[in-house]
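Chains as they are written, first to last, in full-length UniProt numbering: chain A, 1 to 338; chain B, 1 to 291.
Careful: at least some of the hints might be erroneous.
Unchecked claim - Here are the computed lysine-lysine pairs in the DSSO-like style, where the Cα-Cα straight-line distance is at most 27 angstroms:
hint, chain 1, residue 1, chain 2, residue 2
1, A, 208, A, 271
2, A, 87, B, 194
3, B, 194, A, 103
4, A, 110, B, 277
5, A, 87, B, 277
6, A, 87, B, 283
7, B, 239, A, 87
8, A, 64, B, 194
9, A, 169, A, 26
10, A, 108, B, 194
11, A, 87, A, 26
12, B, 277, A, 58
13, B, 103, A, 208
14, A, 106, B, 194
15, A, 271, A, 26
Don't read these hints as lab results, they were simulated from the structure.
Since we're looking at a predicted model, the values are computed, not measured.
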Amino acid sequence: MGIVVENVSKQFGSFRAVDDVSLEIKSGSLVALLGPSGSGKSTLLRLIAGLELPDSGKIWLTGKDATYQSVQERNIGFVFQHYALFKHMSVRQNIAFALEIRKTPKAKIKARVDELLELVQLSALGNRYPSQLSGGQRQRVALARALAVQPQVLLLDEPFGALDAKVRKDLRAWLRKLHDEVHVTTVFVTHDQEEAMEVSDEIVVMNKGRVEQIGTPAQIYDHPATAFVMSFIGPVNVLPSTSNIFQGNGFESTHPEMFLRPQDVIVQREKNGTTVSARVSRIIHLGWEIQAELTLDDGQVVTAHLSRDRFDELQLQPQEKVYVKPKDARSFPLYYSI
Amino acid sequence: MRSNALSSDVIAQNKAGSQTKEAPWVKIALIGIAITYLGLVLFLPAINVFIQAFRNGVGPFFANFSDAAFINAIQLTVLIALIVVPINTVFGLCAAWAITRHKFPGRALVVSIIDLPFAVSPVVAGLMLILLYGRSGWLGPSLEAINVRIIFALPAMIIASAFITMPFVAREVIPVLEEAGTDQEEAAKTLGAKDWQIFWRVTLPNIRWGLLYGVILTNARVMGEFGAVSVVSGNIIRKTQTLPLYVEEAYKQYESQAAFAASVLLACLALVTLVLKEILERKTSIKDVEE
Chain A
1 MGIVVENVSK QFGSFRAVDD VSLEIKSGSL VALLGPSGSG KSTLLRLIAG LELPDSGKIW
61 LTGKDATYQS VQERNIGFVF QHYALFKHMS VRQNIAFALE IRKTPKAKIK ARVDELLELV
121 QLSALGNRYP SQLSGGQRQR VALARALAVQ PQVLLLDEPF GALDAKVRKD LRAWLRKLHD
181 EVHVTTVFVT HDQEEAMEVS DEIVVMNKGR VEQIGTPAQI YDHPATAFVM SFIGPVNVLP
241 STSNIFQGNG FESTHPEMFL RPQDVIVQRE KNGTTVSARV SRIIHLGWEI QAELTLDDGQ
301 VVTAHLSRDR FDELQLQPQE KVYVKPKDAR SFPLYYSI
Chain B
1 MRSNALSSDV IAQNKAGSQT KEAPWVKIAL IGIAITYLGL VLFLPAINVF IQAFRNGVGP
61 FFANFSDAAF INAIQLTVLI ALIVVPINTV FGLCAAWAIT RHKFPGRALV VSIIDLPFAV
121 SPVVAGLMLI LLYGRSGWLG PSLEAINVRI IFALPAMIIA SAFITMPFVA REVIPVLEEA
181 GTDQEEAAKT LGAKDWQIFW RVTLPNIRWG LLYGVILTNA RVMGEFGAVS VVSGNIIRKT
241 QTLPLYVEEA YKQYESQAAF AASVLLACLA LVTLVLKEIL ERKTSIKDVE E
């Protein structure tokens, strides 16, 4: 196991940032800690790094108990949201820092820095200073610096959070590619579910200091374990289970609320056994798909996502009457508000 | 249409009038007042120091430098600066570090205490030392018993100078440390750097200009301090006389040539300080915080 977190708790004043969290991260995998702000994901990452000490619980890194190891002893690479590059050092000096601390011979340092500069595609900018680089370039330097001494785990705290949308997307794909080359156990924190889905092998969904679910992106999306996971990842309709859209079609539930994804709403022109009638109240073109807001007979509003083809086939117009039924819907024993 | 054109003409005329008639008058008067004021209060006295010092030529000016009392005063001033500046630099660094990097009860109180010397008149500061270490002070009798002399001797002058200049380094370093944040230090930690390596390789380079600025201000104040030092020194010629004390003594003894020569030295120190301050302020860009 790359990283094992065992019943770890951390409290700041009266705020329980991390509440009895346990999880295992396989060696060589790329895992996302996903959650809204204040969910404890960054604190958990800092606990793994040793930048914070747990109030209780244990942390194991590559099979060794690291709970009481100092940050320096843990041999980790850490990338900060705001880069945290040494401003007074050039790119080369930044990357060489950890090697110089370890008294590596000069020739070896030079070779390793060259290698890393190539890896992050910044070979031409080695003598620049951080203030002369763009945000994306700075974050790549930070990554090269963290990788310099071959850390046993690489930890990234919202690494793309301070970048604009385009650069963000590029760097994501690049990080995934880099991980496939370097294979270091990597944990990164994000509040962006799309980012987590795209980059990681596994996602740990956190809320209020606790782990809600751990699974592959597909598992998390298709089989959400809790109401929180279902509503945090992807759009969802939350409807009372008494709504007539759920009657007589096998989706009856004893729980008060049902969760229905917009793409799981079947919209059709003709009535059949289990459909209910609805009125189209609004049509929004999202480009790759169409979002229709439908008002049911009982007054509930349901959002449906239709593919372009399906939309063209139906030729929906506002105020028209249609028939709808759920393809899939879920309910959960406990409801957490976001 | 017609009246409109007319009124806008009138406005234009008024505007032009106010620009050509009143503004220059006010401008010249204001500038004149400012220059006269600066001239009387600042430039003339400063220039006069140089004129008086060199009134009898360069020879007599340099003759002063061979006066034993004068040489002694310079030596003592430099000695005190050499002792006080490092002490207050280290203290200021530690205080700034503690205040910006740790949250502890009484943190606000520490900040105010560091500022205390700014609020206390130097003469009062000197008096406090006499009341504590003087012959009839709290610690006076016990110090006399073990034959340690503080008041009217070098130790009191050092303590007085250190008290007066205590805030300068901390005051300059605190905002720079705060602005630098803890990110870079944490990054260094994750890269394996020990605490002292972090300080030398990351923290110090980040605050170096602010620190140097604080050191220069401290030095200028130590060398120029009169009030507190004058109270505790006893002003014993060739023993406890610093340059500012020498200037006062010489002036009182009608040796104005010597007084002005010493003043020229102090004025040069001030000029060098000002130039360095200007350069460093540009480097640190803490100008806004300062003013």
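>> Check the hint pairing residue 106(A) with residue 194(B) against an upper bound of 27 angstroms on the C-alpha distance.
In response: holds (20 angstroms)
>> Would the hint linking residue 87(A) and residue 277(B) be met if the CA-CA limit is 27 angstroms?
In response: holds (23 angstroms)
> Between residue 108(A) and residue 194(B), is the straight-line Cα distance small enough, at 27 angstroms or below?
Replying inline: holds (22 angstroms)
>> Check the hint pairing residue 87(A) with residue 283(B) against an upper bound of 27 angstroms on the C-alpha distance.
In response: holds (14 angstroms)
> Going straight from one Cα to the other, do residue 110(A) and residue 277(B) come out at no more than 27 angstroms?
Replying inline: Distance ~39 angstroms between residue 110(A) and residue 277(B) Cα, so the pair is violated.
> Regarding the pair residue 208(A) and residue 271(A), is the alpha-carbon distance no greater than 27 angstroms?
Replying inline: violated (44 angstroms)
> Are the Cα positions of residue 64(A) and residue 194(B) separated by 27 angstroms at most?
Replying inline: holds (22 angstroms)
> Is the straight-line distance between the alpha-carbon of residue 271(A) and that of residue 26(A) 27 angstroms or less?
Replying inline: Roughly 50 angstroms separates the two Cα atoms, so the pair is violated.
> Does residue 103(B) pair with residue 208(A) here, judged by a C-alpha cut-off of 27 angstroms?
Replying inline: holds (26 angstroms)
>> What's the verdict on residue 87(A) and residue 26(A), does the C-alpha distance respect the 27 angstroms limit or exceed it?
In response: violated (35 angstroms)
>> What's the verdict on residue 194(B) and residue 103(A), does the C-alpha distance respect the 27 angstroms limit or exceed it?
In response: Since the Cα atoms of residue 194(B) and residue 103(A) sit roughly 13 angstroms apart, the hinted pair holds (cutoff 27 angstroms).
>> With the threshold set at 27 angstroms, check whether the alpha-carbon distance from residue 87(A) to residue 194(B) stays at or below it.
In response: Distance of about 19 angstroms is within 27 angstroms: holds.
Going down the numbered hints, you'll see the structure goes against 1, 4, 7, 11, 12 and 15, while the others check out.
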